[in-house]
Amino acid sequence: MLTLQDHAHIHLIAACGTAMGSLAGLLRGRGYRVTGSDTAIYPPMSQFLDAEGIEIAEGFDPANLSPRPDLVIVGNAVSRGNPELEAVLEQGIPYTSLPEALRDLFLHGRLPIVITGTHGKTTTTAMTCWLLEQSGKKPSYLVAGLPRDLPRPYRLDSGPHFVLEGDEYDSAYFAKFAKFLFYRPQLLVINNIEFDHADIYRDLDEIVRAFRQVANQVPRNGLICACGDDEISNQLASDAPAPSLSFGLEPHNNWQARDLDVDEEGQSFEIVAEEASLGRWRIGLPGAFNVRNALAAVAVSSWLGVPVDDLRSSLAQFTGV
32 MLTLQDHAHI HLIAACGTAM GSLAGLLRGR GYRVTGSDTA IYPPMSQFLD
82 AEGIEIAEGF DPANLSPRPD LVIVGNAVSR GNPELEAVLE QGIPYTSLPE
132 ALRDLFLHGR LPIVITGTHG KTTTTAMTCW LLEQSGKKPS YLVAGLPRDL
182 PRPYRLDSGP HFVLEGDEYD SAYFAKFAKF LFYRPQLLVI NNIEFDHADI
232 YRDLDEIVRA FRQVANQVPR NGLICACGDD EISNQLASDA PAPSLSFGLE
282 PHNNWQARDL DVDEEGQSFE IVAEEASLGR WRIGLPGAFN VRNALAAVAV
332 SSWLGVPVDD LRSSLAQFTG V
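If you read the sequence shown in our numbering, its first letter stands for residue 32, the second for the next number, and so on.
Simulated from the structure, these hints should not be mistaken for lab results. Glycine is no exception: its CB is placed at the ideal position from the N, C-alpha and C atoms. Accuracy of the hints is not assured; some may be wrong.
[What the hints assert, rightly or not] Using 20 Å as the maximum straight-line C-alpha spacing, the simulated SDA-like pairs for lysine to any residue come out as follows:
1. Lys169 - Leu35
2. Lys207 - Pro182
3. Lys168 - Leu335
4. Lys168 - Pro272
5. Lys207 - Leu291
6. Lys169 - Gly190
7. Lys207 - Ala304
8. Lys169 - Gln217
9. Lys168 - Pro317
10. Lys168 - Pro182
[What the hints assert, rightly or not] Here are the computed distance ranges between Cβ atoms for each label pair:
11. Asp236 - Gly336: 51 to 57 Å
12. Pro74 - Ala307: 41 to 47 Å
13. Glu305 - Gly62: 26 to 32 Å
14. Glu89 - Asp227: 50 to 56 Å
15. Tyr73 - Gln244: 33 to 39 Å
Generate coordinates for the entire structure from the input sequences, incorporating the hints supplied.
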């Protein structure tokens with residue numbers, strides 16, 4: 032586990048990715064001195080980092096490590112041969128990956144809510160953060176994107192929960208497995224599972240294996256919230272030791288959206304939870320996939336004790352990422 036002094040200097044290699052940029056802001060908010068480097072420095076992340084007061088050097092160069100940082104976080108796009116990484120190794124500077132830094136510096140002592148799936152992770156994460164924040168739950172969070180409704184894509188607050196996107200892509204060149212395996216979720220959302228990332232997974236079975244591993248981390252007093260319209264996600268949730276609920280458009284789901292009505296300003300639908308109608312709901316986003324995203328966020332927030340009427344009004348105000 033990482034231990035750092037207050038105001039330690041942390042440097043991020045490949046700092047301008049959406050998740051790395053949000054992590055940089057989170058670290059800065061904790062009081063660390065944060066610097067970074069990248070070759071692709073462009074809006075909107077460049078503007079966000081500049082507004083956060085985080086200095087980003089253009090290009091990868093050993094000179095970016097002067098003065099010597101206390102810790103380097105290596106982005107998963109960085110591989111051996113990168114001159115800055117090689118200097119880190121040669122100089123013996125402590126280094127880690129993004130998910131390990133999140134786990135060690137922010138998740139201990141909190142209850143992680145991890146949003147996973149091939150599609151919809153960022154929107155569902157932002158939606159869940161918005162619903163919990165509007166309800167006064169004071170969640171901490173990290174979104175791998177720039178949500179329209181939240182002041183920043185990260186927050187450290189006093190509530191017990193930490194909401195974050197659980198990426199199935201690899202963690203770093205030295206940790207070639209899914210990021211979400213570091214997070215140890217108390218509450219896990221699985222949107223859907225499809226074959227993706229052919230550069231690190233040989234086939235769908237390998238991806239399913241990674242999701243099965245994270246599902247098996249959820250404790251019995253936690254919850255797996257899985258898309259029941261997706262056969263693989265539904266089966267993984269059913270097989271795991273933790274309790275689960277399903278969401279989707281099909282009638283067999285514990286949380287179902289039905290009678291969708293699309294108009295110029297978005298769409299409305301009825302939610303039926305455990306066979307009880309919760310009335311009509313509205314989102315300002317198109318597509319059945321966003322209805323599923325909304326169902327997941329609402330089901331999670333309801334399980335955490337947010338009243339249904341509060342969720343209904345907050346969801347209607349959400350505008351996206």
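Quick one: which hint numbers does this structure break? Sort them smallest to largest.
1, 2, 4, 5, 7, 9, 11, 13 and 14
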